[in-house]
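As given, the protein sequences belong to chains P and D, one line each in that order. Residue numbers in the first sequence follow my numbering, run continuously in steps of one, and reach 625 at the last position. Residue numbers in the second sequence follow my numbering, run continuously in steps of one, and reach 625 at the last position.
In case anyone wonders, no lab produced these hints; they're calculated from the structure. Note that CB positions come from ideal geometry on N, CA and C, so glycine has one too. Careful: at least some of the hints might be erroneous.
To be verified - From chain P, some residues computed to sit far from chain D (all C-beta separations above 10 Å): (1) I346; (2) E432; (3) G443; (4) I456; (5) E471; (6) K472; (7) G545.
As the list claims (entries may be wrong) - Looking from chain D toward chain P, a few residues come up when the C-beta cut is under 8 Å (computed): (8) R419; (9) E442; (10) K446; (11) V520; (12) I549; (13) S567; (14) A585; (15) L613; (16) G616.
Protein chains: 2
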Amino acid sequence: MIRIKKYFVCTLICLLFISCVDKEKDKTKFGLVIHGGAGVISNIPAEKEKEYIAKLNEAIEEGYKILEQGGNSLDAVETVIKILEDCLLFNAGKGAVFNSDGINELDASIMDGATLNAGAITGVRRIKNPILLARLVMEKSVHVLFTGEGAEKFAQEMGIDLIDPEYFYTEERWKSLEKAKEKEGQTQVSDKNFIYGTVGCVALDKNGNLAAGTSTGGMTNKKFGRVGDSPIIGAGTYANNKTCAVSCTGHGEYFIKNCVAYDVSALMEYKRMSLKDAAEYIINNKLKNQNADGGLIGIDKFGNVTMPFNTSGMFRGYKLSDGKREVKIYKD
Amino acid sequence: MIRIKKYFVCTLICLLFISCVDKEKDKTKFGLVIHGGAGVISNIPAEKEKEYIAKLNEAIEEGYKILEQGGNSLDAVETVIKILEDCLLFNAGKGAVFNSDGINELDASIMDGATLNAGAITGVRRIKNPILLARLVMEKSVHVLFTGEGAEKFAQEMGIDLIDPEYFYTEERWKSLEKAKEKEGQTQVSDKNFIYGTVGCVALDKNGNLAAGTSTGGMTNKKFGRVGDSPIIGAGTYANNKTCAVSCTGHGEYFIKNCVAYDVSALMEYKRMSLKDAAEYIINNKLKNQNADGGLIGIDKFGNVTMPFNTSGMFRGYKLSDGKREVKIYKD
Chain P
294 MIRIKKYFVC TLICLLFISC VDKEKDKTKF GLVIHGGAGV ISNIPAEKEK EYIAKLNEAI
354 EEGYKILEQG GNSLDAVETV IKILEDCLLF NAGKGAVFNS DGINELDASI MDGATLNAGA
414 ITGVRRIKNP ILLARLVMEK SVHVLFTGEG AEKFAQEMGI DLIDPEYFYT EERWKSLEKA
474 KEKEGQTQVS DKNFIYGTVG CVALDKNGNL AAGTSTGGMT NKKFGRVGDS PIIGAGTYAN
534 NKTCAVSCTG HGEYFIKNCV AYDVSALMEY KRMSLKDAAE YIINNKLKNQ NADGGLIGID
594 KFGNVTMPFN TSGMFRGYKL SDGKREVKIY KD
Chain D
294 MIRIKKYFVC TLICLLFISC VDKEKDKTKF GLVIHGGAGV ISNIPAEKEK EYIAKLNEAI
354 EEGYKILEQG GNSLDAVETV IKILEDCLLF NAGKGAVFNS DGINELDASI MDGATLNAGA
414 ITGVRRIKNP ILLARLVMEK SVHVLFTGEG AEKFAQEMGI DLIDPEYFYT EERWKSLEKA
474 KEKEGQTQVS DKNFIYGTVG CVALDKNGNL AAGTSTGGMT NKKFGRVGDS PIIGAGTYAN
534 NKTCAVSCTG HGEYFIKNCV AYDVSALMEY KRMSLKDAAE YIINNKLKNQ NADGGLIGID
594 KFGNVTMPFN TSGMFRGYKL SDGKREVKIY KD
């Protein structure tokens, strides 16, 4: 009799366990976070603000759709960033700013948290969507980072058409360059009235795979050949299924020297900090103490998200499978 | 009487304390570690081996002299790397290998542990000593990383003469390229019979300031425009007075994806690991598990040194103010 009871209890426990695991599977959280750059954002006309919000919403929805349909986080990241690159509003792809020689030089990077594979390009001038090329570097080459003409040569080998650099010309960006040149001497790097235009996306898919990507047109009037943090794995972009996926925006030099994107992961892995605490500490303590402006977006393997910044604004938003959703520009 | 005794005891303790502090000041350890690349090193003729050892000794002594005379760690690092760049034996500067287009593309980086300032250049073709230019980027620009022609333009602004790329032509390196091209298809990156030619130096000066630097000619037959870990702050080079200074050599792509140089520092700062344990863990556990070859050199703020590698050899050596000294090529 006691034996039968024992078996009964064991079976009940097993059934309970299986149902819990199943529920857990159903509950698997997924979602994504995006950004369109941080900086001193003020006096945006209401009409323009609406355009920003609409584009952020569109990108979030397109990326989320992929995740919802069971697609992988890399595809979501790529899709979101491509949308932002094709839009004039953000400093990446079509909306890239001009360097001091009046040329558009674009950078991008992407990282797969499942494999730690990564791809990045810097200083390309004839690539319509740098994020697509970064992904090809990751998936179709044994290398991680290609620069300038070498990156464009690789693009051609991959069958990507090089476009006329004229594509990146916009009157607004040209005027910004002229304005920056007028101010020359007062170097724009220390100019706080500046948006660190970069776009980025981090995503967690239904299979628990994390991915991160970043794309930028650099800084208006930056010196020819200067590379910021966006194409640097560990600085502007990092993803690791063990911890989190991160994309940064800000004063690139400081983000490189502080290995910001990887540092979030290291604080989580080595110090057992939460994603939120790690990101907050880096942006609002470590970087702030160095007078370094910027922000980051992050998502961890549980679907927790964070979007800290130490500037007056950051174009940002997220959408999660638990229904939570936000799209914002300014502080709360 | 008791009061006098108390004063006497207090004075004695104070004197003892002062003498201890003074001794500690005298004892301030300083020194440096250098490397000339890791890889499958075998069958070096005895005569050539002597040349390698002699050059490593020369570089160590020149760097040490600077530290001994109270010079700073950045000067020691720069001096050591310049000596190795000017020598045909190592894959950096004069001895740089050819890329797949038969061109020499050089990279270098340097970091100051006291300020976290850093400078780096990648893909230069007409710079005799890339390490000097990296230092100028750190000290004379507001940027961290310059690529290709942009870096050379900056060099000219700094008064550095651009040299004829012919300077880097050596028959031995050209033959290596031809050999690599013959083997094409079998990509050289996964070819284990390969020395990851890079040179590097880390130093601790009498003032407790750490510095790190790395310089390379890349990989023989590498794709035009490919960037490895050497010019990437946090991957190939990192220095922070709080923890350590590190310079890496190995399969660059893995060193980038694992943010190796910064990871040593992060393990020390966040996990309270010793320099030796952190470096050993990364090279012989983390990287080995990814089938990633290479090694690193490190020195911490107390003057402890480490030189782990997971290949058959690494050109390396160190000299410390406590009299310890070693110059080696193979495993113990």
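Outcome of the hint check:
no., hint, result
1, I346, "holds, 33 Å"
2, E432, "holds, 13 Å"
3, G443, "violated, 1 Å"
4, I456, "holds, 18 Å"
5, E471, "holds, 21 Å"
6, K472, "holds, 19 Å"
7, G545, "violated, 8 Å"
8, R419, "violated, 14 Å"
9, E442, "holds, 6 Å"
10, K446, "holds, 6 Å"
11, V520, "holds, 4 Å"
12, I549, "holds, 5 Å"
13, S567, "violated, 14 Å"
14, A585, "violated, 10 Å"
15, L613, "violated, 27 Å"
16, G616, "violated, 35 Å"
Hint check: violations occur at hints 3, 7, 8, 13, 14, 15, 16; the rest are consistent with the structure.
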